Amino acid sequence: MTRQLHLNLFVHGRGHHEAAWRHPAATPQSLTDISYYQDLARRAEAALFDAIFFADALAIGHEVEHNARGGLEPLTTLAALAGVTERLGLIATASTTYTEPYNLARQFASLDHISNGRIGWNIVTSWVTGAGPNFGYDHQIEHAERYERATEFVEVVSKLWDSWADDAVRDDRRAGRYAEPARIRRIDHVGRWHKVRGPLNIARPPQGRPVFVQAGSSTTGRRFAATHAEAIFTAHLEKAAAAAFYADIKDQAAALGRLPDEIVILPGISPVLGSTEAEAERLNRELNELTVPAVGLEHLSNRFGGHDFSHLDLDAVLSVDDFPDPETVQAARSRTEVIIALVRRERPTLRALLHSLAGARGHLTAVGTPEQIAAIIADWFESGAADGFNVMPPILPYLFDVFAQEVVPILQKRGLFRTRYDGRTLRDHYGLERPANRFFDPARQVLEFA
Numbered sequence: 001m002t003r004q005l006h007l008n009l010f011v012h013g014r015g016h017h018e019a020a021w022r023h024p025a026a027t028p029q030s031l032t033d034i035s036y037y038q039d040l041a042r043r044a045e046a047a048l049f050d051a052i053f054f055a056d057a058l059a060i061g062h063e064v065e066h067n068a069r070g071g072l073e074p075l076t077t078l079a080a081l082a083g084v085t086e087r088l089g090l091i092a093t094a095s096t097t098y099t100e101p102y103n104l105a106r107q108f109a110s111l112d113h114i115s116n117g118r119i120g121w122n123i124v125t126s127w128v129t130g131a132g133p134n135f136g137y138d139h140q141i142e143h144a145e146r147y148e149r150a151t152e153f154v155e156v157v158s159k160l161w162d163s164w165a166d167d168a169v170r171d172d173r174r175a176g177r178y179a180e181p182a183r184i185r186r187i188d189h190v191g192r193w194h195k196v197r198g199p200l201n202i203a204r205p206p207q208g209r210p211v212f213v214q215a216g217s218s219t220t221g222r223r224f225a226a227t228h229a230e231a232i233f234t235a236h237l238e239k240a241a242a243a244a245f246y247a248d249i250k251d252q253a254a255a256l257g258r259l260p261d262e263i264v265i266l267p268g269i270s271p272v273l274g275s276t277e278a279e280a281e282r283l284n285r286e287l288n289e290l291t292v293p294a295v296g297l298e299h300l301s302n303r304f305g306g307h308d309f310s311h312l313d314l315d316a317v318l319s320v321d322d323f324p325d326p327e328t329v330q331a332a333r334s335r336t337e338v339i340i341a342l343v344r345r346e347r348p349t350l351r352a353l354l355h356s357l358a359g360a361r362g363h364l365t366a367v368g369t370p371e372q373i374a375a376i377i378a379d380w381f382e383s384g385a386a387d388g389f390n391v392m393p394p395i396l397p398y399l400f401d402v403f404a405q406e407v408v409p410i411l412q413k414r415g416l417f418r419t420r421y422d423g424r425t426l427r428d429h430y431g432l433e434r435p436a437n438r439f440f441d442p443a444r445q446v447l448e449f450a
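With full-length UniProt numbering, letter number 265 in the sequence shown gets 265, and the count goes up by one each step, no holes.
One should not assume that every hint holds.
[As the list claims (entries may be wrong)] Here are the simulated DSBU-like pairs of lysine-lysine, each with C-alpha atoms no more than 30 angstroms apart in a straight line:
| id | residue 1 | residue 2 |
| --- | --- | --- |
| 1 | 239 | 250 |
| 2 | 413 | 250 |
| 3 | 239 | 413 |
[To be verified] Pair by pair, the computed Cβ-Cβ distance ranges are:
| id | residue 1 | residue 2 | range |
| --- | --- | --- | --- |
| 4 | 307 | 55 | 17 to 23 angstroms |
| 5 | 190 | 60 | 34 to 40 angstroms |
| 6 | 281 | 420 | 32 to 38 angstroms |
| 7 | 188 | 145 | 22 to 28 angstroms |
| 8 | 182 | 110 | 23 to 29 angstroms |
Derived from the structure by calculation, the hints contain no laboratory data. Only a predicted model underlies this, so the values are computations on that prediction, with no experimental measurement involved. For each residue, glycine too, the CB sits at the ideal point set by N, CA and C.
Could you put together the complete structure from these sequences and hints?
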């Protein structure tokens, strides 16, 4: 079978550029207007995208004064999008640090049933420094502990989704038997972080479980991803770094007995498109000129666990000595490494760094014509640096429409991207098998759960 490019629409406010909300081409709709997201989902499905994706943060900072924030909660949003789409995959972020496994398992199982098998779970450990106090913690939980919790969390929810056999529901009206008790089992999980009896109170999801998505690229995050992830969202500014990450993940997965095709790796790309290169560059300048330095400084501080950069001159050239050691950062460690590598390589001023991060927060920002953007995507895909991309339009919906209408046809003409949907589930789109019910053993003694 010919390898196929995967594309997700990553939705973020009125666009991924932090100043997008001020640009006249951005939507005027409120970030709490569900019709805005429903319209984007319809557009993504019309463009034959694999999925639409929503990130999440469990806190809000001072940046809200100058940056559009305060959108809808992702899981409830997906329920609303499921009703206006038929094929498009639906991926939401949920935390393993600040959520209980039973609640999350139930919510995602419900969403997979509502959407007829189109749900993915972006597994995060929540690096945002302000999240802890919103959940009763007076400090941020350390990076290593968050991943320890995540490992057990994934084990628990997997058991819960598998606590119902696929044939547990009989729905036999004549015999008066709705379900077969022997096909529904307690999980009786007792671990360091969680104690859950089970079973789940909803039947096994259509996909067996949601597609596991993960975005960590630190050493710990890579190990977690190679073990559990079926799709990986990652950030790289250079193809060589992306290719090295791609090879490392596939090698680690193989060492664990997994096949390379069992993991789809999707870097982010934020395409600033114009009919000419000059037009695209002009649009990029327009967006950067609308930025407020305080917003960029807060974003940078958050990436480095609250480190204060405000004493630095905006027009002074940076060095790696201006940043804390990534190994000491308890936030998203992998992204700090991307930023420091950029500083080491390019020696930008602080202002230039903030402009660089304003568009895609450490993901690749590509500025050019549709042909140039399509060439970058094809090159990374064919060079073994990516299985596809999270498309992060700087302005929504404007630059997504340009991408869908002008870049997608080029990729289709090259035979890289689908011209129709062949399946109905997110697993179908990503080429993933439906997982077996690994935790259900029909021979096990029946346990009481009533």
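Consistency of the hints with the structure:
Pair hint residue 239 plus residue 250 holds up; C-alpha atoms about 16 angstroms apart against a cutoff of 30 angstroms. At roughly 29 angstroms between alpha-carbon atoms, residue 413 and residue 250 fall within 30 angstroms of each other, so this suggested pair holds. For the hint pairing residue 239 with residue 413, the CA-to-CA distance comes to about 23 angstroms; that is within 30 angstroms, so the pair holds. The hinted range of 17 to 23 angstroms is satisfied by residue 307 and residue 55, whose Cβ atoms lie roughly 22 angstroms apart.
At about 36 angstroms, the beta-carbon gap between residue 190 and residue 60 stays in the expected band of 34 to 40 angstroms. At roughly 35 angstroms, the beta carbons of residue 281 and residue 420 sit within the given window of 32 to 38 angstroms. At roughly 24 angstroms, the beta-carbon separation of residue 188 and residue 145 lies within the given 22 to 28 angstroms, and the hint holds. About 24 angstroms separates the C-beta atoms of residue 182 and residue 110, a value consistent with the hinted range of 23 to 29 angstroms.
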